[in-house]
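There are 2 protein chains.
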Amino acid sequence: MSDQITSRSENYSQWYQDLVVKADLAENSAVRGCMVIKPNGYAIWEKMQQHLDKMFKDTGHVNAYFPLFIPKSFFSKEASHVEGFAKECAVVTHYRLKNDPNGKGIIVDEDAKLEEELIVRPTSETIIWNTYRGWVQSYRDLPILVNQWANVVRWEMRTRLFLRTTEFLWQEGHTAHATSQEAIEEAQKMLEVYTTFSEDILAIPVLKGTKTANERFAGALDTYCIEALMQDGKALQAGTSHFLGQNFAKAFDVKFTSKEGKQEFVWATSWGVSTRLMGALIMSHSDDDGLVLPPRLAPIQVVIVPIYKNEEQLNLVSEQALKIKKALEAKGVSVKFDSRDTHKPGWKFAEYELKGVPIRIAIGPRDVENGTVEVARRDTKEKNIYQIIDLEIKIEHILNQIQDNIFKKAQARLEASTYHADSWEEFIDILDNKGGFIYAHWDGTTETELKIKEETKATIRCIPLDNKLEEGKCIFTGNPSIQRVVFARAY
Amino acid sequence: MSDQITSRSENYSQWYQDLVVKADLAENSAVRGCMVIKPNGYAIWEKMQQHLDKMFKDTGHVNAYFPLFIPKSFFSKEASHVEGFAKECAVVTHYRLKNDPNGKGIIVDEDAKLEEELIVRPTSETIIWNTYRGWVQSYRDLPILVNQWANVVRWEMRTRLFLRTTEFLWQEGHTAHATSQEAIEEAQKMLEVYTTFSEDILAIPVLKGTKTANERFAGALDTYCIEALMQDGKALQAGTSHFLGQNFAKAFDVKFTSKEGKQEFVWATSWGVSTRLMGALIMSHSDDDGLVLPPRLAPIQVVIVPIYKNEEQLNLVSEQALKIKKALEAKGVSVKFDSRDTHKPGWKFAEYELKGVPIRIAIGPRDVENGTVEVARRDTKEKNIYQIIDLEIKIEHILNQIQDNIFKKAQARLEASTYHADSWEEFIDILDNKGGFIYAHWDGTTETELKIKEETKATIRCIPLDNKLEEGKCIFTGNPSIQRVVFARAY
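Chains as they are written, first to last, in our numbering: chain A, 1046 to 1536; chain B, 1046 to 1536.
Rather than coming from a laboratory, the hints here were simulated on the basis of the structure.
Since the list gives no way to pick one copy over another, a pair counts as held whenever it fits inside one copy or between any two copies.
Straight line, CA to CA, 25 Å or less: simulated SDA-like cross-link-like pairs of lysine to any residue:
#1 1132 / 1147
#2 1370 / 1108
#3 1102 / 1393
#4 1400 / 1205
#5 1393 / 1185
#6 1354 / 1391
#7 1300 / 1225
#8 1354 / 1414
#9 1426 / 1392
#10 1099 / 1196
#11 1149 / 1118
#12 1368 / 1105
#13 1143 / 1155
#14 1253 / 1498
#15 1368 / 1352
#16 1132 / 1161
#17 1092 / 1195
#18 1300 / 1388
#19 1234 / 1095
#20 1132 / 1077
#21 1513 / 1480
#22 1099 / 1341
#23 1400 / 1180
#24 1122 / 1155
#25 1102 / 1399
Next up, chain A with everything else stripped away, as it sits in the complex (with noise of 0.2 Å):
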C-alpha cells in the first residue's frame, strides 16, 4: 500500500485528493478555483477526447467553435436560462490596463470601460442560438449537428479537482432540427452514445434516466442523464442531454420556412460532458495504491522494467525487452521501457501502480535465459511468469481482461448498492449507513423534493429510463405516488 496516499478507509475524501496530486493528474493553480492539468491527466483525457470525438462523428455531428464571450444582455432571453445560469460568472468590464502613475505595477485603465460586460461563457446555448439565425431559412438547411471542444467558466465557491472547478474543459454539442420528434431522437441518441462511451471506453456503468423538473437544465424541456455510483456511495451526473424544445429559437428568433412553406421556430437539443469525467474515473475504480485506469484510457498500457545488477545484464534485458515493445507496439499497444538507472525496480513497481499502468512486465537476466517474463496485473495485483512466445497475444487478451474486469467490478459494485427503501427511516438508513442509489417512491412534487433535499441532502438523481410503474405511497408525505424514482447523495 503506497505511503503516500491516504487510505480510503480513513478519508475517502483526502484519499481523492492525494491520488489526484500524487499520481500527477492536476493540481491548484494560483487563480482560485482553476487548476491545473498536468501531463498525466491530460493524457487521459486527450483518450476521452479522441473516443468521443469519433463517436460523435460517426453519428454526423462536426465541429465548430463559437466566442469565449457572450454579451451580458444575451442571457437576459430566455428567462429559466438566466435564472439557472448567469448569476456566478466571471464578467470582463474592461479592455485594456495601463502603468500606474504611483509606479505601483499595472491598473485597469478606467477609460477603457465596456458599453456592456461580457461575461465568460458557462455554456454556450445562447452565442450558438444568436449565431444560428444566420445559418437557417429553410427546411433544408436543417437539421445542424455541431459539436464545441471549449473551456467554460462557472463561479464556484467550494471547488475540488476535477469534480468542481471554476474553469473546466468540456464538450458541448449544440444541435438544431425541423420537428420535436427528431430533436427528441437526437437527445435520446446522444444519451445512447454517452452510456456506451461510459460503459465501454471508461469502464463506469451507468443508470439513465431523465431529470425532474427541479433538476432539469435551465432552458431544457427535458435532460437526460446518466448517474454514475462512486466507490463512497454517492452518485455522480456522467453526462446531460437536453431537448430543449424551441426556448433558444424563440428567445433568438431562429425560424425555418417548412416544406409547407410554413414559418416556424426551430427546434433544439444541447449535450455535454466534462473533465468531471475524470473525477468519475478516478473514483470509480482506484485504490488505497493509485490509479487504476480501464486499458483502453490508459495512455501508457504496459510498463517494462528491467531487472539488473550491472550493466552486462542490463544490455542483456534490454535487447529482450526491446523485442518485446517492438512486438506489443505492432500490435496497437502502447508501451513504455523504464530503463533509468536512477531508480530501484521497486520503487519503478510502485511508481507505475499509482499512475495506473494496466500491465507491467518485469525482466531480469534469469528470465531472458528461460524465455520468460513476469507479468503483472494493475487490477488484481496478480502476478505470472509467462513464456515470452507469443507474449503479445497474451497481453492484448489480458488488456481486454483487464476491462472487462474493471467493468464488472463496478457493475457489481452499483448492484449491491442499489437499494429500495419504502419508508422514511429505511431511506435514512441506507443513506448513513449504506449510501448507494436508493429506489423510493415520491409524490412527484418538487416541494417534496426540496423538503427531503433540505433534511436529507439526497436529490433525485434520475427517473429511470423504461420505468416500471408501480402504485405507492411517497416516503416522506405518504401521498399516492406511480412509479419509484432513484434518490442519492451526489458529487
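Let chain A serve as the given structure and place chain B on it in line with the hints.
Then chain B, alone, in the frame of chain A:
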C-alpha cells in the same frame, strides 16, 4: 469564375473576406472582434492540429492545460513582458451578476468585486512559470517539454477573420531546461518543426530567420520566426519560437539544483502557431473561384458527383460511385459522394470549387458503360477521362501531384517576389509597385528600423538564418551595414 466572390485583381482584401464567408470557413460574431469558426473552417484547423500534435509528440513533448485567467500582478513580474503584453487585454473584475432591481434584465453585482483583477490570458508564460516553480527542484526534473492547445485573447481594435481576431485558438509550447545551450537548441528545433509543417503540410514555403530586437517577443532574448509571402506581396509571420533565457525563471523564482549541487535559474523557450495560419493558407493558394486546399489538409479530398436524368440512371451511377468511394477509402482517402437531388451537377461543381476540394470525380451513365470517370483537379482546373481500373492508385498519385504543385507554385511566386534593393528609391519602388520580400542593407539600429516603418509601413521580417555577411550601406541612413535583412509590408 465565381460570381459570389470579388476577384483578387479588383480588391484583394474584399476577395479574402468574401472567400472566408462564402466558403463557410468563419464569420464575425455578435461579440466585437471575436469570430465563429464554422464547421468547414474548423475541420481544416483540426487537420492542422492533428499534424502538429503528432510532430510535437514525435519530438518528445506532452500536452497539459493551464488556467484561462492570470492574476494581474503576474504581468508586472517580468519587466519587458508587461510592456509588450498586458495592455490590450480582457479584464475580469467581478464574479457575479444579479437581477436588476428595476426589472431591466441583469446587472453586475458590485458586492462581487474581485480583490485582484484577472486577465484573460493573451499568452501563458507567466501563469506557467509560476506553476513550474513547483515542478522543478533538481536537474532530474528537467527538461519540461509541455505544449498547450488553448484559446487566447488580445483586445484588437481592427480585426480580420483568422488574421487578427480578439480571441483566437493556438498552441503554445513552454519548455524548461538546465542549460542555455539546450534551450536554444529546443527553440531552433521547434522552428524546424514549424518549417516542415508549413512546407510539407500547408504547402507554404517560408523564410526562416530571427527577429530584430525591436520585433522580438516581449521577454525573449531571441525570437526565431518563419515568414510566408501572400499573393498580394505582403508577408505573414507564420510561426515563432522564442529563446527566453532565464527571464521568466528569474521573475517567478524557478531554480534547480545542478548535477554539481549548485542552485541555478532554469532556461526557457516558448513557441506557437495559431488560427492565423488559416489566413495564410487561404491567401497562399486560393483563386477567384474559391479555396484551394493542399490535399494533406483537405477534410474532403475527393468529391464524387453523379450525372443522371432519372432514378434508373442514378441507381446505375450510384452503384459504381460507391464502389469507387470504398476503394478510395481503403487507401485512406476521404471521399464524399454527393447524390443530393436538390442541386444540379453544375451547381455542385461550383460549390466544391468554392470549398477547395482537391479532386472532383464526375460519373454518368455513359461513363458506367465505358468503365470511365471524369477527374477534375481543383488546382489546375484540368479535366481528364480515366479508366476505372486501378482508379484509386491514380487518384492517390494525383493527390500527391496536387500537394506538390501547390507548393511549387507558391515557391515560384515567392522566388519571383524576392528582390534586392540597393537604394532608397529602389526600395520604395519595389514596395509600392511590386511587393514581396526585399533584401536590403540596414545599419542595425532600432531608430532606423522605426523610421523606415513610419515612412513606408515596411518592417524587418527577419534576419535570415545562415545569412551571408556582406558589407554595404544602409538604404535609409547610408551608415555602414554588415548584412542585408528582409523587409516587407506585412499582415
